[in-house]
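> Protein chains in written order, with numbering that gives the first Met the number 0: chain A, 0 to 854; chain B, 0 to 376; chain C, 0 to 223.
Check the hints yourself; a few may be wrong.
Simulated coverage check for chain A against chain B, where a stretch passes if three residues somewhere in it have a Cβ under 8 Å from a Cβ of chain B [claimed, not checked]: (1) 75-87; (2) 140-148; (3) 207-221; (4) 528-539.
Read the hints as simulated data drawn from the structure, not as lab findings.
Virtual Cβ for every residue (Gly too), placed ideally from N, Cα, C.
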Amino acid sequence: MKLLLRAHMRYLWQDRWQTLLAVFGVSVGVAVVLAVDLANAASREAMQVAQRQLDGVATHAIVGAGERIDELAYPRLRLRWRQGAPVFADVRAMAPVVTAETRIGLTPDSMTRPVQLLGIDPTADAGMRASVPGPGGGGGRLMSEPGTALLDAATARRLGVDLDADGDVQLWIQAAGRARPLRLVGTFSLGDAALGQGLLVTDIATAQEWLERVGWLSRIDLIRGDPVSQHAFGRMLERVFPGLVLRSPRRETEELEDGLRIQSLAERAADTRALAASFQLNLAALGLLALVVGLFLVHGTLGHAVLRRQRAFARLRAIGVRAGELRRMVLAEAAVIGVAGVLLGLLFGRWLASGLLALTAGTLENLYGQVTVAAFAPDPVPVIKAAGVGLFATVLAALPASARAAAVTPGLFATAGAPSASHRLRPLLLTGLLLLAGVALLPAAGYLGGLVAIAALLMATALLTPVWITAVLSGMTRLLGAAPLRFRLLLREAVRGLTRSGVAGAALVVAMATALGMGLMVDSFRSSVDRWLEARLAAPLHVQLSGEWTQLPGDLEAALTDTAAGHVVRVSWSDRIAGEPVRVSHIRRQGNVPADLGLALLAGRFADDGLAVSEPLARRLGLMPGSMLRLPVADGVRELTVTGVFREYGAGPGLILVPEATGVPVLSGQLAVEVHGLRADADADQIAAELVLAAPDGTRVRRNDELLAIARGVFERTFEVTGVLKSIAGAVAAFGLFAALTALGLERRAQYGILRTLGVDRALPAWLNLGEASLLAISAVLLALPLGVLVAIILIEVVNVRAFGWSLDWSFPPWLFLQALGIGLLAGWAAALAPALAVWRADPAVLLAEARVHA
Amino acid sequence: MRERIALLLLICASLEGYGAAGELRPGLDLGALIGGEADAGFAVADGPRPFHFPEDHGPHPDYRSEWWYLVAHVEDARGRPFGVQFTLFRQALSPPAADADENASRWRTRQVWMAHVALSGPDGVHQASERFARGELGLAGVTPEPFAAWLEDWRLAATRAPEMFPLKLEARVDDTARPYHVELSFDDPRGPILQGDRGYSRKSASEGNASYYYSFTRMQARGHIELDGERYAVTGLGWLDREWSTSVLDAGQTGWDWFALHLDDGRDLKVFQIRRDDGSIDAASAGMLVAADGTTTPLGRDDFDLQPLRTWEDGDGGNWPVAWRLSIPKVGIAGRVVARHDDQLNRLAVRYWEGQVCLDGPVPGCGFLEMTGYGGE
Amino acid sequence: MPAPLLEVVGVARTFLQGERRIRVLEDISCSLAAGQRLTITGRSGSGKSTLLNLLAGLDRPDAGRIRWHIADRYWDPATLDETARTGFRRRHLGFVFQFFNLVPTLTALENVALMAELNGFGDAMERARSRLQRLGLEDRMDAFPETLSGGEQQRVAIARALVHEPAVVLADEPTGNLDRDSGDAVFAELLAVLAEERRALVLVTHDSELAAGGDHHLALGTAR
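Chain A extracted, bound-state conformation (with noise of 0.2 Å):
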């Protein structure tokens, strides 16, 4: 048995190329996967490091409608909580809050630094935020002196506000639409990694009297039962399939006193996500498929070495070898190749996710703002993962070739002929029963069935390859029946090489209709936001006020009166409707605007009777025009209609437009307004210097047409992830090509010196090697244009719609069909230029002489 061994390794190494390929696929796959894991856990480390800094440890919150409490309920609450009250059971810490969106600067002239005002009781916050100080700390004195804060040390190296130098530091921040002095008496560390935004914390007391909201908490922070063990299984889940669990189907609300209830800021937090979780998703599909890729080496690799030694294999048969001492061999073979591949790959995956990181991190950061991305933590997960992954992975893939080498009839002098009728009809049996499970697998729940539906679609892609290769081969063939020889040996010897670069041509299937699925599917994402940004920036001023309104001030509505045709004014609070957080937006018109208010409407239309609902929203009710919806107000709930149906990209979870004239009453929020049809003397900017003029401090006016153009710079930026994994894995695909070929190359050595010897000059065996590289390109390209496609309606029609609601329109740009055939081609020309040249190269009596060993 070990000298078996012996000889099964010891072949391994003689076809080393072909083992290489293999290790190498393995490899990358096991590397992408890593990187992948790596920079997705980094990122999320920032975003939830970031997320921490506000929510501190807290896994949920009392709320109130509109996101408002009043104050006094806290007492009552946490005395309630103290003496036992059951729905406080495992409630193991208590803490209010008063939070607002502000900013801040060093003059009341330059308040221009965004911050989140954390207002916190430090003497109950203990515990629930890292980075906020108790009572004796820097919160003694946030608690005896009105005005002080303190801020997060990296705004303040940004303000240039250095308090060692300086001591206490006057700034001033705007809130509740004032300038008030601010007393900044300390800074503090958020970690390793920072929300851009900054944060401002100081006391309750203080962060009520400037946003002007004494009474009133934003919610009561709670740490409940043991945040380790709470849904364990979906926290290992997510752990392990990063992106692949977005939200708990479980909504944990509870109902409280007054309209107050208890609401898991998990879920919250991961309701904000979406795009980030899409970002995320394409990431993690991109590094299985990567994988996938992979696997198709290995099974290439160990098919083929199967089917070279199946005269062997007989003759071991005949001597005693049993049928599962044979089995066990190959198994180990790939073994080996697994643990090679594991190994190169946690290698080439550390690096590699070094680069994506920094991709990642751009990414974030026009998500996000500045965010700064830490070293990978040291966890041992997403290595034992990949590892695990790539080894099983090799294994399975290897299944198929063990069982062919156990099923080798004994005999001494067995022929090795062509495989049996059974084994050509093996794939094509294979891919029928995956193309099945794929179409089955469609309508399963949720995005996962989509992705699951694409990559049983790829592999039985995968499998088809050889077979329709051979079948555009012998049609050329019988279509060149009469061509110079020269074509007829280039032509036959690309089928005859195809049992190894078969596979490397099935790498290049998947690699590139995932490429083009995925651009395609990037492009109408890509094309469907745009068009929706468009529109919903069609007004060319947007007027954003600071703090909290219920209704415009008269001077700035004097103003717009004054300068413009009309406006539109939204109030938008956040509020949660059958368990869904939501916007919601009060819309007021005034004047002459569009009636629909530049909605990209899908069904239905804007009117003022009714509800306007964001796609994502109406999708998850199961809302359409005419149906009816429940919205909380202050005094109740109001049963309305919903007349229409709204694309939206950019609420996350769900946005209702209320209209004035439905008397829905409304609660404090932000108030926006869009200008439109402005006056004709004078330009956008002289409009917005007058309108600011008018507004409250804190106002900003901005031009719609520079909004559109940095929003789609984010979404550029967003995809450029998305377009080098597409890169790595083409060239995957292209290295698998190179290999197969130079592997073919060695093996034709000994015939190339035959030919030379006969007077071939250099260029035919060149030419050979560049034209088959060329077919298998084309033929590859032929299969992966419609598989692309396929891939992209998956995509766009099935899992954006059911993990984000939104549907987005086709845009298939014929450059994306070219750019796919270019990049094909020119991978199958790289890949046969240096096996091209090695031949060009080589000497005919070094040639001739392998010829001579090798019968």
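Guided by the hints, dock chains B and C onto chain A, whose structure is given.
Below, chains B and C alone, put in the same frame as chain A:
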């Protein structure tokens, strides 16, 4: 004495749990908080004053620190002993301000409250908990009449207002390994004992380093303790200290040993020594003997001698003397003071040992010992 | 007297194997006239293949000279560049190998036609077909090599070696991979064709029976 605990507790509690979070550069300044200029604006204990009850049972917010410090040693019918501690600290973060803003938040306060509750059971298990609150929205506070001192649902309050006594202590602790519930009534027929000079207690040679200080040294305790789901009917003795001040003791003091003993002959004894970093005993160390009829005998530094006999290692590097030799020849008291259980360490934001001890000697007795500054962590 | 077809004068070839210099050939001289047969014998490692490579212009001697006289021209392969040498082999030499070495993806006919096509003969297929017919393979012309017997494969190889009408055929152990009977038959057919067309043969063999009948004989020893 306990002034110092209060400050240390507040400061350390605020840092505890944050140190690991990374660089923190709060405006934390011990000097600013407890000394120097920050004293400006606070009332100072600068000489004897008349006490007015019940007003003086309530808070004195113009002074920096104040506490209601209750300890009790009780036992059930079968003689199983329990030690109970309830302490409410008030700490002013800043001197009284001029006028409050019209639009001021109800959370606006300069008073921070901290409460400690501890129980040691008959099997020697000692559990201590702490809570913080700001003195607004009814979360914590003290009212003189009817008397009530509370932080959330931990509460010491008069049950027959307007009378101060009987007092009832209620404290439920659910978040420890062995949840418990204390319900004790205290009665005191004798009235407050003024410590020091008519309740003016000088803490060092320098002017103003003093507090106003009175005690109920021998309260009859009776009630129930629920531990591990079992309910014990208990009786015993309690001791309540009331003290408020602004000043701070000298630097160079490393800790103290504070004894409060109920002697079996009806007398109550308080002695404490302050240890200095040079190993000497501070001259401010003192004591007082209270006769059954309430008459008091002050004890000076030279009137008593305390020698540690045995230390207990707390597992975190601290070594606490849990057996002492005490002798006060002047009043005929001598003997060994031994802890009922070695581990009565309050492992809170600040670690200090507060527990039951008994004196064996010609005149035996039981009471509480408080120790600080023996290291650990 | 016309110049001989081949003149070999004082040829030596040394290989470096690490530090060791291995003299494979030393001071080899011989000559061959058109239509004659040169037989080269020797043990394994005596330099037979090396000499053959030198004659074919696949290798260059360290010393001495090799001169072919074909088509009224002298050819010294060592002085030609790669393209010219390849052209020389293509046009004037025919090869028969021990392992036949047919192109597996070409049929018997195509294998033979390949040489004719390479030499630019417009009627490559016709020539190939007639060659194969002469060798008795008219039924096997469209078969791929792997379905041919060893003897058939070697006949196809002989047809390939002659289809472009070279001046000389270089045969490297042409019967080495055949059984005695078919080997003898194939060799006899080769000799017959060569004799008929007056083409020379350089035969490398360690088969004493085959070696017996040549015009010139070169026995390579162990000149180290």
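> Hint by hint, say whether it matches the structure.
Now for the hints, and whether the structure bears them out:
| no. | hint | verdict |
| --- | --- | --- |
| 1 | 75-87 | holds (count 5) |
| 2 | 140-148 | holds (count 6) |
| 3 | 207-221 | holds (count 5) |
| 4 | 528-539 | violated (count 0) |
Hint 4 from the list above is the single one not met by this structure.
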